[in-house]
Amino acid sequence: MLDWKNRTGKAEARERVDARGAGTRSYVGGLLFSRALGTLIGLYLLVAVALGWYWSQEPALFPVQQNAQAAAERNGQQMVIGYTTVETLKTVVSTLLDKPGGYISNDRFPPGLWMDNMPSWEYGVLVQVRDLSRALRKDFARSQSQSAEDADLAKAEPRFNFDNKSWVLPSSESEYQEGINSLNRYQKRLASPDQQGALFYTRADNLNNWLGDVATRLGSLSQRLSASVGRVKLNSTLKTESVAPGQVPQLDEEVVETPWMQIDNVFYEARGQAWALSHLLRAIEVDFADVLAKKNATVSVRQIIRELEASQEPLWSPMVLNGSGFGMWANHSLVMANYISRANAAVIDLRQLLSQG
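Its first residue numbered 1, the sequence shown is counted upward by one per residue in full-length UniProt numbering.
Because the hints were derived from the structure by calculation, they are not lab data.
Beta carbons: idealized from backbone N, C-alpha and C, even for Gly.
Do not take every clue at face value.
[Unchecked claim] DSS-like mimics (lysine-lysine), calculated; alpha carbons at most 25 Å apart, straight line:
| id | residue 1 | residue 2 |
| --- | --- | --- |
| 1 | Lys165 | Lys188 |
| 2 | Lys138 | Lys295 |
| 3 | Lys188 | Lys295 |
| 4 | Lys165 | Lys155 |
| 5 | Lys188 | Lys294 |
| 6 | Lys188 | Lys138 |
| 7 | Lys155 | Lys138 |
[Claimed, not checked] Distance windows between CB atoms, simulated:
| id | residue 1 | residue 2 | range |
| --- | --- | --- | --- |
| 8 | Leu199 | Leu51 | 42 to 52 Å |
| 9 | Gly42 | Arg74 | 43 to 53 Å |
| 10 | Trp167 | Pro314 | 25 to 35 Å |
| 11 | Ala70 | Leu45 | 36 to 46 Å |
| 12 | Glu149 | Gln312 | 31 to 41 Å |
| 13 | Ala154 | Ser94 | 31 to 41 Å |
| 14 | Ser174 | Ala154 | 29 to 39 Å |
| 15 | Pro63 | Leu31 | 53 to 63 Å |
| 16 | Gln78 | Ala48 | 25 to 35 Å |
Hey, can you work out the whole structure from these sequences and the hints?
So this is what it looks like as structure tokens:
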């Protein structure tokens, strides 16, 4: 009887020891798993932040004329009128797709999902690409309003106007690449000795039409950038029939201010448009050299380019500062608005030279 009790007591003691050992092993295993999981998450976040910083670096300016000459030599093509403009447009879109991180606006996973500055920059570039592709289709490649449009340019324009945030079926990148392919076909026909129906007309009225779109874009950007500090604006929707003869019209005032969370988006969109437009204007300066020289407008084009390139200086602050107009802190949006406004004023002067000079 005593032996049985002793054996039972020993068995119970062993069970308690085994239970405590199993509990300890379970606790240690859970602790190790938690630490390993935390380490992996930490490493993932660290890599994502590093990639996000690297992908946020804006592409540098590239030499337009040298780039076009290199492309012509590489493809065995002639540098005809219009070649530089088309090649520059292709390079701008290719930069959008092939820069570090690729095209980010339609990303669905980190770190691209967390980024908003680079998608805004990409959209700004895309706006200028769309405007010039439309100008190529309806103005530069047509002799007059009743002439037929180029088939490849007619395919390229809607490709560039595709949704910039489409992830799949089809993706934005694939549509924009198809647009580049259409420009390639047009450029190949343009550079061939017989041109095969591809034309590029360097007329003052064609250039003036596109510059009208440029002025509209820059004017809108200037207003949006200036609204970063908030200002009182007169309501311009006054109806003429509501004003009695001999009376001074009463104008309503409204406060216009860019929401705080959108200030950096507008800033980087402006930088994207300025980056793309500076390259496109350099290409226009090459292909429309005769027209600009006859109108004494070459200096005006270079002044626009200078203002746009000045807006591409590196931003040393880790964030877009939004100080008051004459406050102690910088306001990067107002600095950008200054460059954009000066470029817009030069575009307006250039249009007057082209139409009246």
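Query raised in the report: Which of the numbered hints are not met once you compare them with the structure shown?
Result: 1, 3, 5, 13, 14 and 16
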